[in-house]
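Participant: Residue numbers (my numbering), protein chains in the order written: chain A, 5 to 260; chain B, 103 to 388; chain C, 416 to 712.
These are computed hints drawn from the structure, not numbers from a lab.
Yeah, the Cβ is synthetic: ideal placement off N, Cα and C, and Gly gets one too.
It is possible that some hints are incorrect.
Unchecked claim - Derived DEER-like restraints, expressed as beta-carbon distance ranges:
(1) A:200 with B:199: 17 to 25 angstroms
(2) A:8 with B:265: 43 to 51 angstroms
(3) C:439 with A:200: 44 to 52 angstroms
(4) B:265 with A:250: 41 to 49 angstroms
(5) B:265 with A:241: 19 to 27 angstroms
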Amino acid sequence: MSNPDPVKVSIQHLSLAYSDGKESLRNVSLDVRSHAITVLFGPAGGGKSTLLRTINRLNDLTDVVHVSGSVRLDGEDILDPATDLISLRRRVGMVFARPVVLPMSVRQNLTYGLELAGERNPARLAELVERSLRAAALWEEVEGRLDDPAISLSGGQQQRLCLARVLALEPEVIMLDEPTSGLDPISTGKVETSLQELKHEYTLLLVPHSVQQAARTADYAAFMLEGELIEFGPGKDLFTRPQEQRTEDYIEGRFG
Amino acid sequence: MALNAQRRRITQQVGFGVLLLAALLTVLPIALIVGLILWRGAPAISLEFLTAAPRDGMKAGGILPAIVGTFWLTLGTAVVVVPFGVGAAVYLSEYAPESRWTRLIRIAIINLAGVPSVVYGLFGLGLFVLFLRFGTSILAGSLTLAIMTLPVIISTAEEALRAVPQSFRVVSISLGGTQWQTIRRVVLPQAVPGILTGVILGLERAAGETAPILFTAAAFFLPRLPGSPFDATMALPYHLFVISTQVPGMPIQLQYGTAAVLLGFVLVMNLLATVVRSRARARRQW
Amino acid sequence: MSETTRSEFVLTRLIKAAGYSSILFIGLIFFFLLREGAPALVEIPLGSLVAARWYPIEGFFGLLPLIGGSIVVTIGATFVAVPLGLLTAIYIAEVAPRPARELLKPLVELLAGLPSVMLGFLGVVALAPYLRKLLDLPTGLAAFTGSLLLGGIAIPTVVSVAEDALDAVPRTYREAAKALGATKWQIIWRVTLPAARSGVLTAVMLGIGRVIGETMAVMMVTGNAPVVPTGLAALFRPIRTMTATIAAEMGEVAEGSVHYHALFLIGILLFLISLGINLLAASVVFRQRTRAERVLS
């Protein structure tokens, strides 16, 4: 790219280990640029989810025994113990692999995070509900069912609701961990279309559920294997002319 | 080969028959007990029986002071044990680290559950009645019953909290919720039916206990209703004990009647717990 | 915002305090039992405590008849509760069709909720007279009657703990045995029960603990005669347990008297017995859990 967008998240020499010795990160360095989709792909257990969960400090909930290196969001090291985690998690939203709707209505799912943040103005809440549902391409389908239990939506609708729920908080970075792994091709298509729209306003970090999806969506792509970053570059280069043998082997399906 | 298979099948048939017999031996007496008490007790129950004080050395009249006393004791128990028990369960399920101290808490709870009820009575006498000078009173009895009920409430509430999927907590935290907001707005509401079931069953036990209130709250005969938490009181289970063993020449009908009222209370509480549980199961969103 | 943080801080502290309260309560119970009961060890010579005569009015504080009474009733009740409870648990967990299970479980739960004083009442007015006639005894108020009642009271404990243990046996064990051609009956005896044995052991121990601590029912139906039981015949004679002694006599003693201290001493004894049983049961459970964790990770 001739004129690259500014760096939003800068990861330098990040290493991380869990107490049970499972999936970890080893010396990962990576710049995530704004207004683009950065894809993290590779076989399971390569550290993709761990990397995402480090960026919004969700790993704090698990048994992390060692972290070193730095993760900077707009230049600010978010691994600093003094980081305000609440505001960090509002700036860095996350959509999980399995759609987890909270046990409340569609509307309440969307206003949940806003109300926790202290937003009480009903007009403002209603506006954000509609806008986020539209952005997630769900408004038409649920317009008349806002007060139904969210669990009554279909799987694909639930996952888009989860995306809308993150959008309602007006974050800066959106991380998606295999958001379409449980969805049918039509729902997957809808989500991917939404992502292409959203990248104009947000910084997107996506763990795709297949190499094909990685190739379809990536502006930038990072291949991760056993906790290490093997190769990182613009998507169109990496998928057509990988520099590393292991990247090429994986893309061509020689191991998985 | 065929013979062998046939022998195995017969062994299994006989074995299952023995198991069924054991199960029947266990539950038939229960049905018998319930049936007998309701059948023999029903004729004694009248409006006067439920709304009047005992007369003629308890050989006539009603059992109102005992009903009211048990009501206050149970309410007092609930007021103390619910916040403590649910608080402790939230701590164990949501906050407690895997540590020596947490293990110690769990061992303490197991032991609280095992302490004999009459030992709770001694403890209540020593601490509440004598040391804190509450006297033989509803207050002392309620506190004693509350500590005795605590392990039941903690373990059922913790189980209900742990049953709430972990993913709800992760999502709430990822949306910028604090841990307390997550507990308050997502975890607790989902656990309420389970907690409520535990509370109902715990209070049912507390209301039926006699030994813990023997020396802390119970009065042999006290026809007026208690006026303050510092009054001693009659109580249904203790009253049944008194009229069936301590007073000679007690009309058997009154004894069965009192037992039937106590049983009615137990049955209603059991039914309530069942209803709460099945309704929650039908409405559950996960 | 800072308002939220402050109230959250306070609440978290309160919750933590509630969490630790159980330790405090166990400590308080032991402390107050010691405070009121320890003087007995000074006032009564040890030789007099380990004696066969409990007759406080004349200064005899021999605990042997009471301990013996508790042991006799407990052994009798164990013979009722353990076989019935375990077999019922096996039936419910492994054999019963769904409707039978849905009927049996609430009934057992109901038994757990029946006040012991109510069972004692039925023991006095129905069971004891019946047994007296049936066995041709001078009185139906005897250890045997108490054992039957206490056995019934302990059954729900045995059933629910044992059933949990059986349910916890992984389904794959049973399926593997089935694939090898074992019958359902063989699977129960050779696979499920051995796999659940520590839980079954816990069930037995907790059932016994329940029996030793039971007070009202046993006091009402065992005749309350503090006699050291000897031989099998003791089962059909009146006895008196430790718990019944406290319940029957505490109401009549003067605070601070030797008799009062002696009753608290019995309380200490009961507390220590239940502590021992529960620690033993807990250590079995904890050992089992750590093993499961090791397998999983």
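Participant: Does each hint fit the structure? Answer for all of them.
Facilitator: Hint check:
Distance hint check: the CB atoms of residue 200 of chain A and residue 199 of chain B are about 44 angstroms apart, inconsistent with the given range 17 to 25 angstroms. The hinted range of 43 to 51 angstroms is satisfied by residue 8 of chain A and residue 265 of chain B, whose Cβ atoms lie roughly 49 angstroms apart. For residue 439 of chain C and residue 200 of chain A, the hinted distance range of 44 to 52 angstroms is not satisfied, since their beta carbons lie about 60 angstroms from each other. A hinted range of 41 to 49 angstroms holds for the C-beta pair residue 265 of chain B and residue 250 of chain A, which are about 43 angstroms apart.
A beta carbon spacing of about 49 angstroms between residue 265 of chain B and residue 241 of chain A contradicts the range 19 to 27 angstroms that was offered as a hint.
Going through the hint list in order, the structure does not satisfy hints 1, 3 and 5.
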